[in-house]
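Quick note on numbering: the sequence shown equals residues 15 to 239 in this note's numbering.
Hints listed in this document are in silico derivations from the structure and should not be mistaken for laboratory results.
Hints may be right or wrong, so weigh each one.
Unchecked claim - Keeping only pairs whose Cα atoms sit at most 30 Å apart, straight-line, the calculated DSSO-like set for lysine-lysine is: (1) 108 <-> 83; (2) 101 <-> 73; (3) 118 <-> 73; (4) 70 <-> 107; (5) 118 <-> 209; (6) 164 <-> 217; (7) 73 <-> 97; (8) 63 <-> 76; (9) 68 <-> 95.
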Amino acid sequence: MIKTIKKVAVIIMTVVIMISTVRIADQASSTTVQAASGYSGKIYKHWCKLRTAKSKRSKTIKKLSVGTKVTVLSTSGSWRKIKVGNKTGYALKKYVYISTNAPKLTGSTYNKGQTVASFAQRFVGNPYVWGGTNLNMGADCSGFVKSVYKSFGYNLPRSSSSQRSAGRKVSYSNKQPGDLICYSGHIAIYIGNGKIVHASSRKTGIKISPKANYRKVLSVRRIVK
């Protein structure tokens with residue numbers, strides 16, 4: 015009886031170790047993907063400094079002149095994490111332009127929508143500007159949607175109310191990444207997992223919100239074919 019219990023304990027410990035190992039491997043893989051990801055950009059408006067941390071008091075790695083090509087890794091507050099050559103650091107967001115050259119839409123409708131959703135998320139952290147349509151300088155909710163889709167060759171109406179008639183209607187339960195989530199006086203792009211990306215307000219700028227139905231949804235529109 016004791017030997018049987020010991021054998022069971024050994025088996026359980028082995029399974030736990032195996033599961034832990036898989037989880038660690040998965041986490042490492044995820045980290046690698048995140049570290050390797052990014053999209054093209056450049057320094058514009060004014061030269062700036064590549065710093066070791068998100069602070070003007072942090073050490074300067076190098077000075078970046080206007081036109082310097084960079085890889086944008088993430089945006090947080092007033093800073094972007096970027097890679098220049100083999101050096102990675104932080105630069106003030108206002109001096110780092112994010113490329114609006116969109117990738118080609120290929121594959122299924124779902125894959126195309128996912129590409130649109132991923133592209134739209136590049137601009138999270140950029141400003142909200144009433145009447146704006148510039149993904150870097152600032153856009154309002156409908157200007158953001160229009161400019162994202164314009165990058166893929168789609169010409170959508172300008173206002174959020176008119177965008178409620180763009181594309182084709184789908185049910186909320188059948189929504190997929192890239193679909194437009196339409197509200198009264200507002201519009202967003204669905205990115206999956208119940209989340210949306212949108213030019214929310216002057217205070218928050220372009221951001222990701224965790225609940226697509228945070229307010230009454232009037233319509234869901236699918237633009238990609």
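Here's how the hints hold up against the structure:
1. For the hint pairing residue 108 with residue 83, the CA-to-CA distance comes to about 15 Å; that is within 30 Å, so the pair holds.
2. As the CA atoms of residue 101 and residue 73 are separated by approximately 13 Å, the hinted pair is consistent with the 30 Å bound.
3. Among the hinted pairs, residue 118 with residue 73 is inconsistent with the structure: their alpha-carbon atoms are about 39 Å apart, more than 30 Å.
4. Between residue 70 and residue 107 the alpha-carbon distance is near 12 Å, which keeps this suggested pair within the 30 Å criterion.
5. Taking the CA atoms of residue 118 and residue 209, the gap is about 23 Å. The hint holds against a cut of 30 Å.
6. Of the supplied pair hints, the one linking residue 164 and residue 217 holds, its CA atoms being roughly 25 Å apart against a limit of 30 Å.
7. About 16 Å separates the Cα atoms of residue 73 and residue 97, which keeps this hinted pair within 30 Å; it holds.
8. Only pairs whose Cα atoms come within 30 Å are accepted, and residue 63 paired with residue 76 is accepted, the gap being roughly 6 Å.
9. At most 30 Å may separate the alpha-carbon atoms for a hinted pair to count; residue 68 and residue 95 meet this at roughly 8 Å.
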